[in-house]
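Peer 1: What follows is the residue order along each chain.
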Amino acid sequence: EDQVTQSPEALRLQEGESSSLNCSYTVSGLRGLFWYRQDPGKGPEFLFTLYSAGEEKEKERLKATLTKKESFLHITAPKPEDSATYLCGVNPGTYKYIFGTGTRLKVLA
Amino acid sequence: DAEITQSPRHKITETGRQVTLACHQTWNHNNMFWYRQDLGHGLRLIHYSYGVQDTNKGEVSDGYSVSRSNTEDLPLTLESAASSQTSVYFCASSESLTANEQFFGPGTRLTVL
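The listed protein sequences derive, respectively, from chains P and C.
Per my numbering, residue 117 is the first one in the first sequence, and the count goes up by one each step.
Per my numbering, residue 1103 is the first one in the second sequence, and the count goes up by one each step.
Worth flagging that the hints you see were computed from the coordinates, not collected in a lab.
Among the hints, erroneous ones may be present.
For the chain P half of the interface with chain C, some residues (derived, Cβ under 8 Å), not all of them [as the list claims (entries may be wrong)]:
no., residue
1, Gly145
2, Gly148
3, Pro156
4, Gly159
5, Ser199
6, Gly218
C-beta: ideal position from N, C-alpha, C; glycine also.
Just need the whole structure built from these sequences, with the hints factored in.
Peer 2: In structure tokens form, the structure reads like this:
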């Protein structure tokens, strides 16, 4: 069964305190692992898609990496405006996208 | 600017009533999706469409239907609303399925009493 698990469920960081969010997955045929950011009361906003193990992508303070079993979203020197829920998901090749339950990140000033 | 809108933003209805949630996009995307988001479950796919007259069932399609008569709109209908359908509903569209980049609407919060 295709599945995505994100950890931790919630994370509190001090401003400038770098950390990583984890997304582990089991999927029959991966056609992409993606990350979205979701602010309270809004729809998710696309960040990255990764397609193969070893691939990395960066956007401002965020860097996403991918292995054969998991992806990490590294947040370097976070700021309060990085506070959001980060969603990970996979495209198992059928375009029936599967999302994890998300990590709620709070960055304190 | 192109956008994707949903209406209403909030809806309260009673068990057994038919409810239709609207989704309209001006991106001219062929691919459109409906999701529901619940605590502990994340986003789950309800229905999706690859183009006009095309509709497909997702993971949690029971009790829901969609129709695609033009490129811009994909309304979601709850035939007979149930309390288990209380949720936040998101519509999304995408240009390329392989790029995995979807543009989401602002969501509709539906409460079924």
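Peer 1: The structure should be examined with respect to each hint, and the outcome stated for every one.
Peer 2: Taking the hints in turn, this is what the structure says about them:
1. Gly145: P/Gly145 check fails; min Cβ-Cβ to chain C is 13 Å, beyond 8 Å.
2. Gly148: 4 Å, holds
3. Pro156: 11 Å, violated
4. Gly159: Constraint on P/Gly159 satisfied, holds at 3 Å.
5. Ser199: 18 Å, violated
6. Gly218: Result: holds, 6 Å to nearest chain C Cβ.
Hints 1, 3, 5 from the list above are not met by this structure, while the remaining hints are.
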